[in-house]
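At the far end of the sequence shown sits residue 419, using this note's numbering, and the numbering has no gaps.
Please keep in mind that the hints were generated in silico from the structure rather than gathered at the bench. Positions of the beta carbon are idealized from the N, C-alpha and C atoms, including for glycine. Check each hint, because a few of them may be wrong.
[To be verified] List of simulated lysine-lysine pairs, BS3-like, C-alpha gap at most 30 Å:
#1 K297 with K281
#2 K157 with K329
#3 K114 with K227
#4 K298 with K329
#5 K141 with K317
#6 K205 with K298
#7 K315 with K297
#8 K99 with K241
#9 K62 with K241
#10 K324 with K418
#11 K190 with K227
#12 K204 with K62
#13 K58 with K100
#14 K241 with K141
#15 K354 with K157
#16 K345 with K160
#17 K329 with K141
#18 K141 with K190
#19 K298 with K204
#20 K100 with K62
#21 K241 with K297
#22 K62 with K302
#23 K387 with K345
#24 K298 with K281
#25 K160 with K227
#26 K418 with K141
#27 K114 with K298
[As the list claims (entries may be wrong)] Across the chosen pairs, the derived CB separations fall in these ranges:
#28 N294 with E245: 35 to 45 Å
#29 Q352 with D163: 29 to 39 Å
#30 T367 with R128: 11 to 21 Å
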Amino acid sequence: MNPVIKKHPVKIGRSKQGGKQTQECWYKNLDRPAEVALYYGFTLMDTPVITKEDAKMARALSESEYKNKEVTDLRTRFVTEEKISLLRFYNEKKLQNLPQPIMLYFGKPILAEGAPKKNPARERTVHLEAMGTSKSIAEALLIKTAVEILKEEKFDDISVRINSVGDRDTISRFARELSYYYRKNIETLPAHCRQLLKKDVFDLLSCKNEKCRIIKDNAPKSINFLSEQSRQHFKEVLEYLEILEIPYEIDHFIVGNRAFSCQTLFEIHNPDSLKICRPLAIGVRYANLGKKIGFKRDVPGIGIRLTFKEKNERKNIKFLKPKIYFVQLGFEAKLKSLKIIEILRQAKIPMYHGISRDKLTSQLSMAENMKIPYTVIMGQKEVLENTVIVRSMVNCSQENVKIDNLPKYLKKL
């Protein structure tokens, strides 16, 4: 959580824990998704709306609007308007001037101004966004947070379907080869699929027509066109999923919207959502939209939208002000960092972190600026020994602690 842009809770006070004064925040009528997001470092914000200007820009930019009834699954429905609205929000709030990335939680769907707020029985839509980072850890953080939200909402057997379309050059090469392949097979395509080919060849990868499905099974795959940098990025994302023990499957038909999608795209499912082809969550990385809407530079980011039937009741939640900042050094430590965050969440111990940062000095500087009294440090040696270093920022004393004992140790601080 970035304390500079924190959405104010209903009440801030102090309580005693172990005889010590501790600052606490009370959030009224908060639900489980928001609570999980808080523990993973997201800031709770009021949901932006899609303005008429956002919609006008989207109409000019969008290369595909999925109006054909054969192409209505959610994998392509991360609409351009949402992303333009989020980038405008980022710019208007001057979030680019704050330490990056900016991690935001929105508890309502992003809708157009004046749109009716239809809500099927207890259906929830929430958004998680990590803006200002191109690091692979951002994908892992969003997926892990989303999975834990769904678990709290009593969804079981959760898995991820994932793909990568790479950078701008990769997408262009892939689209060219895909168009060539389909034009070579145009005589076997149903009539409406030929129309989709004229509009956007990516639409054909979401087509449900049986004749079209046989052709698309043998179509070129985007991961075969990845640059070395994109390949490494995707490899790192998959390594995070493996270390987090999140089941995944590469789905070559998830290609997103070319107006803004790049690199990683994914869906989160359980067995029920797979049966009806309706993901519990869909996520996409974006980096090519900022300049198109007038920004001086593109803003890299990744977002995920969760839509599910709410099962948990809302309640008033006490959230202690974090007195710990988690510091990691090296890729192996990053791999393990999200597991540590979850261990501490289960123990109701909040903390700040900078897991998208690489340098020790940068992370310690953040802890000092935020006046956090303790840092929990993990480097290569600690990964091998399954320990962390707990360091006092006041007197620089430190102690090695086994990860299994970490919650108990931190509660005594």
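TODO: Sort out whether K62 lies within 30 Å of K204, counting only the CA atoms.
DONE: With Cα atoms ~23 Å apart, K204 and K62 stay inside 30 Å; holds.
- [ ] Please work out if K100 and K62 have their alpha carbons no farther apart than 30 Å.
- [x] Answer holds: K100 to K62 is near 23 Å, not above 30 Å.
TODO: Please test the hint of 35 to 45 Å on the beta carbon pair from N294 and E245.
DONE: violated, 25 Å
- [ ] Please work out if K298 and K329 have their alpha carbons no farther apart than 30 Å.
- [x] violated, 41 Å
Open item on the list: Need the status of pair K387, K345: alpha-carbon distance at most 30 Å?
Closed with: holds, 17 Å
TODO: Could you grab the alpha-carbon distance between K324 and K418 and see if it respects the 30 Å cut-off?
DONE: With a Cα-Cα distance of about 19 Å, the restraint between K324 and K418 holds, given a limit of 30 Å.
Task: Restraint check for K62 with K302, where alpha carbons must lie at most 30 Å apart - done: holds, 20 Å
- [ ] Verify the proposed pairing of K241 with K141, using a straight-line Cα cut of 30 Å.
- [x] holds, 12 Å
- [ ] Assess, step by step, whether the Cα of K345 is no farther than 30 Å from the Cα of K160, and give holds or violated.
- [x] holds, 20 Å
- [ ] Starting from K298, check that the Cα of K281 is at most 30 Å away, please.
- [x] Cα-Cα ~38 Å, so violated.
Open item on the list: Would the hint linking K354 and K157 be met if the CA-CA limit is 30 Å?
Closed with: This hinted pair holds, its Cα atoms lying about 16 Å apart.
Open item on the list: What's the verdict on K315 and K297, does the C-alpha distance respect the 30 Å limit or exceed it?
Closed with: violated, 37 Å
The structure fails to meet hints 1, 3, 4, 5, 7, 8, 9, 18, 24, 25, 26, 28, 29 and 30 from the earlier list, while all remaining hints are met.
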